[in-house]
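Given the structure of chain H, go ahead and fit chain F onto it with the hints provided.
First to last, the protein sequences are chains H and F.
Quick note, the first sequence lines up with residues 11 to 94 if you use our numbering.
Quick note, the second sequence lines up with residues 11 to 94 if you use our numbering.
In short, the hints are calculated from the structure, not lab data.
One copy or two, either will do: identical chains are not told apart, so a pair holds if it fits within one copy or between any two.
Each computed DSS-like pair below joins lysine-lysine, with the alpha-carbon atoms no more than 30 Å apart: (1) Lys75 <-> Lys30; (2) Lys30 <-> Lys51; (3) Lys21 <-> Lys75; (4) Lys21 <-> Lys51; (5) Lys75 <-> Lys51.
2 protein chains.
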Amino acid sequence: MARVVVDVMLKPEILDPQGKAVQGALPRLGFDGVSAVRQGKRFELEIDGELTSTRLAQVHEIAEKLLSNPVIEDFEVHVAEVEG
Amino acid sequence: MARVVVDVMLKPEILDPQGKAVQGALPRLGFDGVSAVRQGKRFELEIDGELTSTRLAQVHEIAEKLLSNPVIEDFEVHVAEVEG
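Next up, chain H with everything else stripped away, as it sits in the complex:
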């Protein structure tokens, strides 16, 4: 079994209203020194059996077709944990 993480973030050129909202709230809570905040999604996938290169390629396909919108988002895949 392996745990694979897919991080999906808006492309840098895309406006991020959620990130801006968080950034705007920080001074009101007394936090300074944070020049930008961007918010995205994180997916953790538990993969059955051995994490072969074919399986990893499949996760990339899942990330591209289901977990992200390639027009406005970028994604990164990394292996978090491998058991057995």
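Frame of chain H, contents of chain F only:
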């Protein structure tokens, strides 16, 4: 300048309907072998100046008070990048 990442995920015992929805869609798209999917949030914070331990403690406080709901969510903070 440093980039600090805050990953926020639901606690394991909390039901994750978004993750279940993604998991349910996978077989329909022809993907098998994924036993579980969990979805969370990822924040990237750009920190001005040097990333001192005080600054990092401040990010932990931001994560706890603003970016997550400690009752149902866990968070992890890690430094992604340090420049200059």
